[in-house]
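Asks: Sequence:
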Amino acid sequence: MTVGRAEPAGPREWYDGSGHQALTVAEAMAVQDRLRSRADLVGPGPCRPATVAGLDVAYAEGGDRLAAAVTVLDAETLEVVDRGVSVGRPAFGYVPGLFAFRELPALLAALDRLTIRPELLICDGHGLAHPRRFGLACHLGVVTGLPAIGVGKTPLVGTWTGPGPRRGDSAPLVDAGEVVGRVLRTRDGVRPVFVSVGHRMGLDNAVDRVLALTPRYRLPETTRTADGLCRATLAATAGTG
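The opening position of the sequence shown corresponds to residue 163 in the working numbering, with each subsequent residue numbered one higher.
These are calculated hints, taken from the structure and not from any lab test.
If you're wondering where the values come from, they're calculated on a predicted model, not measured in any experiment.
No residue lacks a Cβ here, since even glycine has one placed at the ideal position from N, Cα and C.
It is possible that some hints are incorrect.
[Stated by the list, open to error] In silico SDA-like cross-links for lysine to any residue, where the CA-CA straight-line distance does not exceed 20 Å: (1) Lys315 - Asp366; (2) Lys315 - Gly330; (3) Lys315 - Asp370; (4) Lys315 - Arg294; (5) Lys315 - Arg329; (6) Lys315 - Arg328; (7) Lys315 - Ala374; (8) Lys315 - Arg275; (9) Lys315 - Phe261; (10) Lys315 - Ala253; (11) Lys315 - Ala333; (12) Lys315 - Pro377; (13) Lys315 - Cys209; (14) Lys315 - Arg279; (15) Lys315 - Arg386; (16) Lys315 - Leu381; (17) Lys315 - Arg393; (18) Lys315 - Gly259; (19) Lys315 - Leu260; (20) Lys315 - Gly351; (21) Lys315 - Pro293; (22) Lys315 - Pro334.
[Unchecked claim] What follows is a list of derived Cβ distance ranges for each label pair: (23) Pro293 - Arg380: 20 to 30 Å; (24) Gly307 - Asp195: 15 to 25 Å; (25) Val204 - Ala400: 36 to 46 Å; (26) Pro258 - Gly339: 15 to 25 Å.
Make a model of the complete structure from these sequences and hints.
Replies: Here you go:
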């Protein structure tokens with residue numbers, strides 16, 4: 163199955179690593195600026211998706227090799243029903259705020275190895291809650307056309323007050339006077355996660371989906387399964403180049 167992608171206006175209109183020329187930092191920022199207006203940050207997005215996908219990337223020691231993984235889960239049972247992996251090298255340098263350019267090619271390759279088209283992408287990272295308001299979840303959503311949200315373990319930008327100590331408590335994540343996400347408690351008394359919209363999703367719906375995906379642990383099952391798969395893939399392919 164090949165995940166459909168929006169037709170680019172030119173070879174550098176969006177970047178998926180398929181070009182022969184590497185982008186400069188300035189060019190990458192320009193791509194983010196061009197694509198930002200294409201992100202649908204209102205949604206509302208799917209309220210009862212049948213399938214949800216987790217996406218994650220693991221790096222070998224030294225950071226010169228990576229494994230990207232996508233796990234597709236049945237949204238009701240949270241069982242893995244499909245998976246795709248890709249092993250390669252980072253497509254971009256280690257530049258804060260531009261991680262999507264580093265990981266996007268491998269993640270797209272992993273998505274293309276799926277046999278089931280997921281209805282929602284859950285990225286281990288951020289969407290709108292990004293210095294340039296265009297994190298990995300926004301970039302993946304715009305390129306694939308699929309609804310996407312970001313769930314970060316730590317904040318990239320913003321300040322907040324709260325949330326309360328109980329599961330489901332939340333507080334606005336605010337940056338430069340703008341609400342860019344939600345700080346969400348997924349387990350009683352456990353550190354919160356940072357939810358932000360990527361593409362074709364509303365923030366309230368994104369929070370509801372994350373709560374549905376965290377019945378037992380702090381992180382969504384999508385993230386947990388994708389993390390395990392990319393780490394296992396990296397270990398299994400160690401020494402293969």
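Asks: Take the hints in turn and mark each one as holding or not.
Replies: Hints, verified against the model:
{"no.": "1", "hint": "Lys315 - Asp366", "verdict": "holds (19 Å)"}
{"no.": "2", "hint": "Lys315 - Gly330", "verdict": "holds (16 Å)"}
{"no.": "3", "hint": "Lys315 - Asp370", "verdict": "holds (17 Å)"}
{"no.": "4", "hint": "Lys315 - Arg294", "verdict": "holds (19 Å)"}
{"no.": "5", "hint": "Lys315 - Arg329", "verdict": "holds (16 Å)"}
{"no.": "6", "hint": "Lys315 - Arg328", "verdict": "holds (18 Å)"}
{"no.": "7", "hint": "Lys315 - Ala374", "verdict": "holds (17 Å)"}
{"no.": "8", "hint": "Lys315 - Arg275", "verdict": "violated (27 Å)"}
{"no.": "9", "hint": "Lys315 - Phe261", "verdict": "holds (15 Å)"}
{"no.": "10", "hint": "Lys315 - Ala253", "verdict": "violated (23 Å)"}
{"no.": "11", "hint": "Lys315 - Ala333", "verdict": "holds (15 Å)"}
{"no.": "12", "hint": "Lys315 - Pro377", "verdict": "holds (17 Å)"}
{"no.": "13", "hint": "Lys315 - Cys209", "verdict": "violated (23 Å)"}
{"no.": "14", "hint": "Lys315 - Arg279", "verdict": "violated (26 Å)"}
{"no.": "15", "hint": "Lys315 - Arg386", "verdict": "holds (12 Å)"}
{"no.": "16", "hint": "Lys315 - Leu381", "verdict": "holds (8 Å)"}
{"no.": "17", "hint": "Lys315 - Arg393", "verdict": "holds (17 Å)"}
{"no.": "18", "hint": "Lys315 - Gly259", "verdict": "holds (16 Å)"}
{"no.": "19", "hint": "Lys315 - Leu260", "verdict": "holds (17 Å)"}
{"no.": "20", "hint": "Lys315 - Gly351", "verdict": "holds (15 Å)"}
{"no.": "21", "hint": "Lys315 - Pro293", "verdict": "holds (16 Å)"}
{"no.": "22", "hint": "Lys315 - Pro334", "verdict": "holds (16 Å)"}
{"no.": "23", "hint": "Pro293 - Arg380: 20 to 30 Å", "verdict": "holds (25 Å)"}
{"no.": "24", "hint": "Gly307 - Asp195: 15 to 25 Å", "verdict": "holds (20 Å)"}
{"no.": "25", "hint": "Val204 - Ala400: 36 to 46 Å", "verdict": "holds (44 Å)"}
{"no.": "26", "hint": "Pro258 - Gly339: 15 to 25 Å", "verdict": "holds (22 Å)"}
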